[in-house]
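**Student:** Protein chains in written order, with my numbering: chain B, 1 to 363; chain S, 1 to 628; chain U, 1 to 284; chain X, 1 to 123; chain E, 1 to 155; chain C, 1 to 125.
Warning: the hint list may mix true and false statements.
Stated by the list, open to error - Selected chain E positions facing chain U (Cβ under 10 Å, derived; list incomplete):
#, residue
1, F11
2, K12
3, P15
4, L39
5, F45
6, H55
7, D82
8, G107
9, Y134
10, E138
11, I139
12, Y144
13, M147
In case anyone wonders, no lab produced these hints; they're calculated from the structure. Just so you know, even glycine gets a beta-carbon here, dropped at the ideal spot from N, CA and C.
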Amino acid sequence: MIRMSEKSTIPFGPQHPVLPEPIHLKLVVEDEKVVEAYPAFGFVHRGLELLVKKKDFNQMVYVVDHICGICSAMHGQSYCQAVEELIGVEVPERAKYLRVIWAEIHRIHSHLLWFGLLADAFGFENLFMLSWRIREKIMDILEATAGNRVIISVNIVGGVRRDIDNEQAKWVLNELKEVEESLKELDKIVRNNYTIKQRTVGVGVLSKDEAYKLGAVGPTLRGSGVPIDMRTTGYAAYKDLDFEPIVEKDGDTYARTIVRVKEMFQSIDLVRQAISKLPEGELNVKVKPNLPAGEVISRVEQPRGEVFYYIKSTGGKYLDRLRVRTPTFANLASLLHMLPGSSLADVPVLVLTIDPCISCTER
Amino acid sequence: MQSNLLLLSIIFPIIAGIIVLFLKQSSIRKAFIATSLGVIVLLSLIMLATLKVPDIFNFPAYYNGMDLAIKIGDFALLFYVLYISFKIKEWRATFFAVLQLVPLIYFEFFMLKEHEVAMFFVDELSIIMNLIISIVGSLIAIYAFGYMDHHEEEKHVSPTKQPRFFAIILVFLGAMNGVVFSNNLMWIYFFWEITTLSSFLLIGHDQTEEAIKNASRALWINMMGGVALLLGIIFIYTNYNTTSLAEVLSIKDATYILLPMFFIAFAAFTKSAQLPFQSWLLGAMVAPTPVSALLHSSTMVKAGIYILLRFSPLFRGTLLSDFIAIYGAFTFVATAFLAVSQSNAKRILAYSTVSNLGLMIASIGLNTSSAIAAAILLLIFHAVSKALLFLCVGTIEQHIGSRDIEDMKGLINRMPVTAAITFIGILTLMAAPFGMLVSKWLIIEVAANQILISIILAIGSALTALYYTRWIGNLLSGTYFSQHSEEHVNPTVGISLYSLTAIAIALSFIVSILYNMLVMPQILTMKMDVVLKAVRGYLYTPAGGFTIYPIFITLGIAIVLSLISIRKSTKVVVKTTPYTAGLNYIEDNGYNVRNYYLTTFANEGTLTRYFNYVSIALIAVILGGALI
Amino acid sequence: MTLNEVVIFIAAVVIAPFIGGFLSGIDRKLTAFIQGRYGPPIWQPFYDVIKLLYKQKLLVNDFQVFSAYMYLLSAILSVGLFALKADLLMILFIMSVGLVFYIAGALSTKSPYSQVGAQRELMQMLAYEPMLIFFVISVYNVTGSFNLAQIMTHGRLILDLPLMFLLLGLVLTIKLKKSPFDLSASEHAHQELVRGILTDYSGPYLALIHIADWYEMILILAMIAILWSQNLVIGALIALATFFMDIVIDNITARMTVKWMLAFSWSISILFTIINIAYIYFRR
Amino acid sequence: MLDMLKNVVSNLTHKPATRKYPFEKREPFERARGHIENDIDKCILCGICQRVCPSNCIQVDRKEGTWSFEPFACIICGACVDACPTKSLTMLREYRPISNDKYVIMQKKEVKNPPEKDKKEGI
Amino acid sequence: MGLKEFIEKSFKKSPWVLHYNCSSCNGCDIEILACMTPLYDMERFGMVNVGNPKHADILVVTGTVNTRNKEILKNIYDQMPDPKVVVAVGVCAATGGVFREAYNVIGGIDKVIPVDVYVPGCPAKPEAIIDGLYKATEILKEKYEKMGKAEEVLK
Amino acid sequence: MITTKEIKLEEIEKEAKYYYENGYRFVTETCLEEEGKFKIIYTFEKDYQMDSFHVFVSPQEEVPSISKIYFAALPVENEIHEMFGIKFKNLVLDFQGLLFLGEYAPISPQASIEIMRRDKGDKNE
């Protein structure tokens, strides 16, 4: 006779080795089955949106780059696109292509990082090591082309700051070839390892309808079979590049893993296309120091999904309001939907299945 | 003289019990009971010292009177059962009472030819049982002084029902002695039925709806066992024309013995609450704790084991014996499984009792000399430790108002003495070097060439460790910042707790002496070769050996080292809070792990159903073994 | 006990942790190489333990101290008795006493991680204790004895008990806390329970537990080694090979869940035991 | 699982991938952003770097003639280097060495005397 | 080598690292994780990422302190047994970096707990982090020596 | 540039239901401060086309939550509650204004109009 009204409560975070970032989940557990999950945030909240009042719109590029280290290139890109639209400048074609190249390399970096963390979450240390080892090549590419390993800060309002010359482009393609080889190995491992499948198949299932209604974005949504990818709206140079959103049907962690693995190949392909089509021209155009009044929404596909930038200006150097809705913020609802009913051992996997980026979420 | 002692050990408690009924003054009553208990213990000790066993004792002067009294008692008892079963509308009990009454009348009046049978048959097994009944029983009764006062205060019982309570307990003690000493099978049957009835009365002592319900369940299941026992006796009589235990045991031609043996085993299963009859024992946990301790863990349920042990030479080496072993092993593992999913301490103990009884039955079924030795050792150690644990739970329950092991978290801070004793009690039940584990070791070694049984035993012993370890962890949890409080132990409660603890540890410590003095002669009595030898804490067979003193020494060293370590570090040690992922630690209502009972693996209800089916099938198999 | 036995006992007890520490050093080094890196020096486990021994004592309650000591001492005793060639089943029981205290010590702190870790360790115990007993029983069925001295006269047990050898390998994986059974205290990589059962053991007491783990590892390896007792060098090599295989398995599997572990280990162990014992009888 | 085994075998038979960092240092990439240095001789104290710096770690005081810089607040974005009209600010490829304390770099512009560098502790 | 030297060497050779992300942008975090990976392999120096303050010797903090994680950081620091060293990785942990003007940011972690080593960089490069951790091991050894003396005084 | 239609406070739930039933995906809500009033823009999406409406909320008013219709609105509404101090009715999971901010953090930091007050801590530390 067990008094089931009294259940275990287990804190998950804020300091927890599985979570690279501090969130707190209060898990109500029955045996090892999670019954309820109450999240608590705010351990990374800094209040960056309000910094628009203190830093002008050019400085803000670097601040939004620091919203998150993993998707920083896309944050900068999205912000710059919004401001550019507000001002009404046309960015040089070369800059658009370069943005695509960096964004896609960043996506590979992010997915590999995520993959390593997922492996870590289900206790596959060697796989973690393997994927991070592959990732170091990507980091080298980023450092060689943009100057920094993680936060590359290449976007500025009006274009990009750095260039990739032909020689470097060749080197990048060469490196990517090696990365692709290793990725193929990784792909095989994911598809054939019995233990990985045991831990991911059927874990955290979101049906197509649920995923859509919960407002999920990115691989979380595409893993459930909804082909929504912001890149198809054709911002930057994506309109000239050939690609299809990657979709898996099952909607479980395994499907999302496969989506991300496939996306890495897709990104390599996109980088190749972009480099082959890279037009000559200026890197950036000068912009006036004052902004016109108006409000703009800009959306960019980050590794984790669609990021939503809303900016509003009433003129002057400073923006009036900056609002960032990051992909993880949109995916939180899905996470909360998936957690109840899972087992305690699957919680890290579930948390990672949406590829959480808490510093994005909390800004 | 000696038969006087035997008679006295049966009659005296019963008479004392009847006298207690009329003692209304609390202090006089207590003094009287305490004196009687002292006499009972003294009697048993004198018998241990003086009785030359095995032997048959006769006391012809009293025989006819006794026999007549018992015959009348048989009918009176059955009619009383009929009466109460009508009163509480428990038709199953009525059914089985009638089912007993009809053969009994037929047997007594038409079949049984009057002939004088020796009164008492005593060997080491009887002495062991008597010691357990007297010493453990007395200690539990002493415990009940303090417990019952508190209990009645809590339940607002007025006027006090204690005379009735203690009377039944004393009568029960006498009846148990009757079961273990009697030579006449019909006497055994009579005393057996008395234990059933007193169990019924004591379970229903509180007169709540639930208590009556459970008491009636206990009644009808045990009445069913009574039917089986009676049938067994009748079958023996029809085939061998005797009701004398000594004669039955010396039967040479065993062709017709197996069917009666099945019935007796069946009776033993019901009494020992084996699957699928475990429900009455679980229900019996509504009774006041001393009752649970006395009847339902340490003595009455052992009557089943006793009777099976008693007759074990008769079915040695038969298929029936093997099937009984499998059945016992199955009960052992199945109820251990059920115990894992419990959080109610009394239920855990109840399941674990059933489980251990199953283990004993398994080893009786194995029926080699070492297995019998293991069964007897288990019987002794289990009785002491289980009684101790029940008493601890009772004390805890009266203090914290709950018998849930979840509520026992941090008990070491609130009730340091009782918690420590409970801890020791659990250790004596599950861990080396204590007797229970030594016996378990012996059984596994004995069973090693019966692969099915040994697989089951291996899993079962791991399960046992699981639920007890969890309990220990709950008892001892706490931090330096927890609220500490002093504990005042009621003197009578204290006496029995301390002495039971001392006995539990001492018995394990002198296991070799115990074995050489009581168990080995019994094996010889049962005409088996002694394989197991014991010298200075080293029990060994040709196949292996278990030595206990090194483990005791290890325990001692660990205690000394940790005391040194704690004392030395009082200055430099940093008292810290448990890790909670960086959040502030809150003592109460903070993060906590509760109810980790694998209910997602093992749902008690469904599991019980399946286990019952399997066990019924196994009993059918045993019957098959008896018929072939 | 003769003087000779005392010497053997002490020698085994003194040498075992050094071998154990050395092996776990090799384990870490090898794991590192498998993962394509250099890893720590071979002596790293000793550095770790010595450092822990001299760290500040940080306690949640007093019982932790006792349980850590008890775990260590019973591991020592079981290794010592193994060296004296005592009863194998008794050695297992003594080992489990320490384990009981170890788990109870972890349960006694109120950290949820420690508690869940302890519960999982109980599950692990549930998974491997029967396996070890099955092993001992099968050995008895071959040699007719539980006494190591007599068992070791048999010579080449592994030929009679090939499946039991595999089971021992499985036990070693669980005991070494390797993936896929790295459930109670994430020894490698991270898991949902921080350090699980070890969470609230710290400083010197953690060191004691590490040393006890070494003893237990040695015990299981020694059990594997006696499968070829004709020449113990070969036995030791077999044990080392098993050890190596466990490290490799650790690196090619993910951690599984408790349910899976119980289902897997019970079904495998019961099946293997029955098949193997049937095989023994069949060969006779 | 066999694919992973292949990986294990290949790792075991090949040299580890580790860069033996403190013992063998890798040449930084050409474009690597390590830390910034100001050549105070070239500096005209225009203050553009102060204005573009997103983390406000550069303080230029024209009156005193000082250029002060908080290396422990600099996010090494390189905006100041891009904006510097005289190229007195340069981005070096090596990262700034670790330290036990935080410090502020204060450089004083004096036309005649050679530039004086001093490190001041604390912020 | 005497026992005393061996113990001291052990403190230098076996630093167990606890990483806590205060409110960093992940840049420094993933670089710390990168230190564990084959290319940097901080386990060469015996460093293990233990995730539990009670086992840790070195606390590596990234990111600024904000109003909510201030307490957490303090708790974690308090639960570490002596001797312990704190390494602040990245400019955010040192001063707050680009975020220091944000409303929810208190500043560098030295406002909450004492810091022994600062590793600059945004994000700090893995090489720099290894440098910082190596330095921390030396400080750890020194602290152990001091702690021994303190214990003697207590006796 | 975006165009939104203005609706009344009471119509929010009805409108949200309309979007829900027509297969729109919830994107986000954005809160602004305009002339002493709060403006909340609700953004939905279908086939990459965004559609928005907005409401004006005066400081004392409570906004009906749409988290029952769109579960995904839950974090956003909690955030707006916290950052601007606007109260929402019928939140599925209410963080009581403690989603992101600590106990000693400034209160409703992104709004210049103060609505909420907490016992501990000041407006600006």
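**Student:** Tell me if the interface restraint on H55 of chain E is satisfied: Cβ within less than 10 Å of some Cβ in chain U.
**Tutor:** holds, 6 Å
**Student:** Restraint: I139 of chain E near chain U, CB-CB cut 10 Å. Satisfied or not?
**Tutor:** Hint violated; I139 of chain E Cβ to chain U Cβ min 14 Å, cut 10 Å.
**Student:** Hey, does the K12 of chain E contact hint survive, CB to chain U under 10 Å?
**Tutor:** Holds, about 9 Å.
**Student:** Per the CB criterion, is Y144 of chain E less than 10 Å away from chain U?
**Tutor:** holds, 7 Å
**Student:** So, as I understand it, the hint says M147 of chain E touches chain U; can you test that by seeing if any CB pair is closer than 10 Å?
**Tutor:** holds, 7 Å
**Student:** Have a go at the L39 of chain E hint: is there a Cβ in chain U nearer than 10 Å to its own Cβ?
**Tutor:** holds, 8 Å
**Student:** Verify the interface restraint on P15 of chain E: the C-beta must sit less than 10 Å from at least one C-beta of chain U.
**Tutor:** holds, 8 Å
**Student:** Would you settle whether the hint for D82 of chain E is holds or violated, based on the nearest Cβ-Cβ distance to chain U being less than 10 Å?
**Tutor:** holds, 4 Å
**Student:** Would the hint on Y134 of chain E stand, with a C-beta cut-off of 10 Å toward chain U?
**Tutor:** Violated - the Cβ of Y134 of chain E stays beyond 10 Å from chain U, reaching only about 14 Å at its closest.
**Student:** Going by Cβ atoms only, is F11 of chain E closer than 10 Å to chain U?
**Tutor:** Cβ of F11 of chain E sits 5 Å from chain U, so the hint holds.
**Student:** Is the interface hint for F45 of chain E satisfied, with its Cβ closer than 10 Å to some Cβ of chain U?
**Tutor:** holds, 8 Å
**Student:** Just to be careful: measuring from the Cβ of G107 of chain E to every Cβ in chain U, is the smallest value less than 10 Å?
**Tutor:** This interface hint is violated because 29 Å lies over the 10 Å limit.
The structure fails to meet hints 8, 9, 10, 11 from the earlier list, while all remaining hints are met.
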